[in-house]
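Position chain X relative to chain S; hints supplied.
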Amino acid sequence: MDRNFAARRRRDLIVAAVLAALAALAPLFVKDVYVQNILILTLMYAALSQSWNILSGYCGQISLGHALYFGIGAYTTELLFTKFGVLPWFGMLAGGAIAAVIAMGLGYPFFRLRGHYFVIATIVIAEIGLLLFQNWEWAGAAMGITIPVRGDSWLKFQFMRSKLPYFYFALALCCLAWFVTWWLEDSKWGFWWRAVKDNPEAAESLGVVVFNSKMGAAAVSAFLVAIGGAFYAQFLAYIDPESVMGFQFSLLMALPAVLGGIGTLWGPVLGAAILIPMTELTRSFIGGSGRGVDLIVYGTLIVLIALALPQGLVSLFSRSKAKGATR
Amino acid sequence: MTALLETRGVWQRFGGLIANSDVSISVGRGEIVGLIGPNGAGKSTLFNLIAGVLPPTQGSIWFDGEDVTHMPAAERCQRGVGRTFQVVKSFETMTVIDNVIVGALVRNTVMREARRKAYEVLEFTGLAPRAGVLASDLVPAEKRRLEVARALATEPKLLLLDEVLTGLTPTEAQTGVALVRKVRDAGITVLMVEHVMEIVMPLVDRAIVLDLGKVLVEGKPSDVVRDPKVIKAYLGDRHAVGA
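Chains as they are written, first to last, in my numbering: chain S, 1 to 327; chain X, 1001 to 1243.
Excised from the complex, chain S in its bound form (with noise of 0.2 angstroms):
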């Protein structure tokens, strides 16, 4: 039983491995700028998705405010560096420290609030941020900054002639995102979520401290969105309160996971594959005739999927229901 387990866990990391190394060597075939762009998209919500799923499916605090922490990693990369020359480097650490900390401030009242308050606290405080970053003139307000372009730079993480740099950043990313998880899934914590989100009262009488699980999901959680919404200001060279904390982000953060399978470590990779491309795509082929026939083909086709599989997509792959469960 307990090789079994071992041998699953080594099997997991394996095959990421693998899907790591063959999305590195994407570009060597895909030089579509336009097809490169959706590779990017889909490698960051991957990580998006990714990282929400540690509150959200593993601890089961289901947050639809996550674009909030997006919004933040951005500016506080924007603003360290057009104001006081930071590096986005820097900046995007600092970025992922301060939404951790806003993370577990907000958790501490909101934590007590169960199921559907939750949700809707998370979406409120979430539009409220965004209010505020329109009404901050000091931060843009709704005029936004944008990021002068000083020529390809690592250093200053910005490049205009190819994509490339930003794939490979996006991807590793990803792969971090999804390392974390693996890793947290056999520790302590990863226990604890899970136990939390089955069942506060018994976790808590096995001497799970309910609250501190929470917060920890929260700041883990919160840190590594605010990298990739650093790293989304960085590729766009321009935000903007709307386009770096609307609340499109907080949902395609949660629906790539929830479609791939909420609460599991090949969820959100799975389902960012499928949708952000679908996204794009129906955008892009029947988008153009300006009667929204694009966002009836993906409500619908999230409709069917939903109602097929609600298990997620990742129950195509295992024979049983299991998440994350030794075997």
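These are computed hints drawn from the structure, not numbers from a lab.
Treat each hint with caution, since some may be false.
[Said to hold, decoys possible] No farther apart than 30 angstroms at their CA atoms in a straight line, the calculated lysine-lysine pairs in the DSBU-like style are these:
#	chain 1	residue 1	chain 2	residue 2
1	X	K1220	S	K31
2	S	K188	X	K1143
3	X	K1220	S	K188
4	X	K1157	X	K1089
5	S	K188	S	K83
6	S	K188	X	K1157
7	S	K83	S	K156
8	X	K1182	X	K1220
9	X	K1143	X	K1182
[Said to hold, decoys possible] Pulled from the structure, derived: some chain S residues nowhere near chain X, Cβ distances all over 10 angstroms:
#	residue
10	A7
11	I62
12	I98
13	P109
14	F191
15	W192
16	L206
17	G207
18	L307
[Unchecked claim] Chain S regions said to be covered by chain X (calculated; three or more residues, Cβ under 8 angstroms):
#	stretch
19	176-188
20	193-204
21	208-216
Here the structure is a predicted model, which means the values were calculated and not measured.
Virtual Cβ for every residue (Gly too), placed ideally from N, Cα, C.
The following block gives chain X in isolation, referenced to the frame of chain S:
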């Protein structure tokens, strides 16, 4: 040696309802104590006060020589109080072994050790063949057993069993009784709330009868079942003749 568990003048009010009034009980090390009484006697409330689900309105609770009255449940577990739930609360999306690992993590910080401890407990409770099964796929008797296994994995000094034998078939109940004896033989003190008198009475060293929130009688099971007050409050005439 002091008692392992002691409640001193414990009161619990829910609005106008008094669930426990001036309850003082003690449980000695190595004992199996039965907490019995008719429905609404305040057994579950007292049980939850001891487990740390909520603090009493008045009075204090002492565990292992320490005042734990206001200590949260998780911390009490770390001190050595393990419990089961009357309505089973398995971690349904987790496997049997993973359920037990959660408990084992209290005293084992290294995952490999927690896992080994969890397997040990599954062997002890006879659940080992079901290790890889999802908790949601267990039959009710197995779920009860899983509750016990999870609590045992925390290596408690005191195990609180909330109606673990209720609602089982006679065969299942007998297996349950054997398990409780085995737990006591492993050096763990047991306090059990129970309804099934015929099974509990031969099992426990001492019985405490609650009625209307107060301790009515306590003593050896054979004396308790003969006590006219108990018969009147709870057991009925049929048992008075049988005893």
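Okay, the hints, checked on the actual structure:
| no. | hint | result |
| --- | --- | --- |
| 1 | K1220(X) / K31(S) | violated (85 angstroms) |
| 2 | K188(S) / K1143(X) | holds (23 angstroms) |
| 3 | K1220(X) / K188(S) | violated (43 angstroms) |
| 4 | K1157(X) / K1089(X) | holds (21 angstroms) |
| 5 | K188(S) / K83(S) | violated (41 angstroms) |
| 6 | K188(S) / K1157(X) | holds (22 angstroms) |
| 7 | K83(S) / K156(S) | holds (14 angstroms) |
| 8 | K1182(X) / K1220(X) | holds (21 angstroms) |
| 9 | K1143(X) / K1182(X) | holds (18 angstroms) |
| 10 | A7 | holds (13 angstroms) |
| 11 | I62 | holds (15 angstroms) |
| 12 | I98 | holds (30 angstroms) |
| 13 | P109 | holds (18 angstroms) |
| 14 | F191 | violated (5 angstroms) |
| 15 | W192 | violated (7 angstroms) |
| 16 | L206 | violated (5 angstroms) |
| 17 | G207 | violated (4 angstroms) |
| 18 | L307 | holds (21 angstroms) |
| 19 | 176-188 | holds (count 3) |
| 20 | 193-204 | holds (count 9) |
| 21 | 208-216 | holds (count 3) |
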